[in-house]
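Colleague: Please build the complex by placing chains S and H on the supplied structure of chain B, with the hints as guidance.
Next come the chains, spelled out residue by residue.
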Amino acid sequence: MKPFSLKPLVTLLVVSAIFVSTAAIPALAQQDISVQVTNAESGDTETNLPYLFAVYSITWIAFFAYLYYMSQRQRNLRSEVEELRQILAEKEGKD
Amino acid sequence: MSIGMVLKNGLFVVCATMMLVILYLIFMWVPTDNIQGTVQRIMYFHVSVAWVAFLAFFIVLVGSVGYLWKGTSKWDHLAYSAAEIGVLLTTLLLITGILWAKPIWGVWWTWEPRLTTSLMLWLIYVAYLMLRAYSPPGNQGARYAAVLGIIGFIDVPIVYYSVKLWRTVHPQVIVGPAASGSLDSSMRILLFLTVATFTVLFVYLLIDRVSLRKSEDEVEWVRGIAEQASHLPLSLR
Amino acid sequence: MTKFWPTVAALMWKDILLELRTKDIVISILAFALLSLIIFNFALGPSPQITPVVAPGVLWVAFTFAGVLGLTRAFVLEKDQGNLVGLLITPTSREAIYVGKMLGSLFFMLMSEIILLPAFAVLFNISPFRPELLLIILLATIGFASIGTLFSAIAINTRSREIMLPMLFLPIVVPIIIGAVMASSTAFEGGSWSDMTKSVQLIAVFDVVALVFSAFAFEHVLQE
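Protein chains in written order, with the working numbering: chain B, 1 to 95; chain S, 96 to 332; chain H, 333 to 556.
Accuracy of the hints is not assured; some may be wrong.
Said to hold, decoys possible - Derived DSS-like pairs (lysine-lysine); straight-line CA-CA distance at most 30 Å:
| # | chain 1 | residue 1 | chain 2 | residue 2 |
| --- | --- | --- | --- | --- |
| 1 | H | Lys346 | H | Lys411 |
| 2 | S | Lys309 | S | Lys103 |
| 3 | B | Lys91 | S | Lys309 |
| 4 | S | Lys165 | S | Lys309 |
| 5 | H | Lys411 | S | Lys165 |
| 6 | S | Lys103 | S | Lys165 |
What the hints assert, rightly or not - Here are some chain S residues the structure puts well away from chain H; computed CB gaps all over 10 Å:
| # | residue |
| --- | --- |
| 7 | Phe107 |
| 8 | Leu115 |
| 9 | Met123 |
| 10 | Trp124 |
| 11 | Val125 |
| 12 | Asp250 |
| 13 | Ile253 |
| 14 | Leu278 |
| 15 | Lys309 |
Claimed, not checked - Covered stretches of chain S, as calculated for chain H (at least 3 residues, CB under 8 Å):
| # | segment |
| --- | --- |
| 16 | 191-198 |
| 17 | 235-242 |
Hints were generated in silico from the structure; no laboratory data involved.
Just so it is clear, CB atoms sit at the ideal spot from N, CA and C, and this is done for glycine as well.
Looking at chain B on its own, in the form it has when it is part of the complex (with noise of 0.2 Å):
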């Protein structure tokens, strides 16, 4: 007797579930009735520059930092290339 084989099945219902939860999501998004305004404070434009300096600054120090941390890591990789090729010499040497 062939065994039952479940990996056809699962693969429908993966394709189906793929299917229906991406198609359930906007249809759920078409119920919902509120649309929101925000309610901002407005007053002298000039008040909040602290604020929109913090977020540009933040960004690039936040870029900046990645970058040298991933310079950080090549030049810790440089250095360990050094030290496994003076093992290979060494290990040359004694042979």
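Modeller: Okay, now just chains S and H, sitting in the frame of chain B:
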């Protein structure tokens, strides 16, 4: 210089140029929002970082599926690198969001759907990085992370549609399939430009990180061989 | 390949038998959840205005964290005693192992939750014994069990399993918790089915995706 290096340096130059251009446009050209004032200019960075974070996590999904399917490590390198940059981007998203919320809503944070699901998104991919760190050595870690990388992506559409699914104070979606908010045309153009700039930056960082990871992998492999050859565990660094 | 459902039943029965002897899982779930309910109730004060507002949230916090405790134990025996290797050697399909473990965890979580409901009723002065609420609990727990079994199998092989499982599990199931709290809130107010369709749909869709994905991904997790 190899053709790869030329392309990479070229990409960097393009990215830097675009960044300078959009900075000029954001601060000198685009009109001020009359409801929120100058602080509204945060939007360009906040929304762009969001979109590129979604892209990053999509690439994690692609890399994870590729790794589980094909098994070659290049897919894993792609997934991990994209996850790392994605966490960086999502951290920036949360921080810029918080800094924008305080002047506009009066609070640093509120437990409304968009913010909550975005925080969860951050946690999911932080967990991804933790999982890689805490896994046993070998392929297991990569496989576990790939599983998380696939199911974790389910939060991205949830975050995107959260403003439609639930009552929310967060502004409505402006671009994409759920778009309903309105935006001045010059602001819209600048927003697309900023998204493009950040995407270029992301691609540059991704290429860098993937090649770094690949090199680290290779050195690890060489070290394994060297250890075998000398019959001693090597204590480097 | 041995047949699917007999394998599943056998695995479930093994887990239930073990549990009947040690009562490990159910006691930890119950103790923790009961403590949470009591402490929350105590901390939030006896005010009759606040209690109905926070009750659904507290209920689901208790269920979620207790569920994590129960899930942590799901694979402990398998891993520490080496059962897993034994299971993998037998000609069972990986999906059967997954479904068996998942139904076992589901059973324990549901049992504990049902036992907790009277305590909740007493502490919060709300009757949770409505069909709507019971269905919400069932659906949400299915979601917890399906994704939790997968993550438990992953976490058990990592260095700090007690931290990894909540770290993996909780952010992913937040949509279930949100849906469950909103639907429970409506149920407590006496709302009908139509009022909570959106939340129930959210949980149901999530359940389907979680179940299918976890069944599929489980074999990748089991490989050594």
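Colleague: Could you tell me which of the numbered hints above are not met by this structure, giving the numbers in increasing order?
Modeller: When the structure is compared with the hints, numbers 12, 13 and 16 turn out to be violated.
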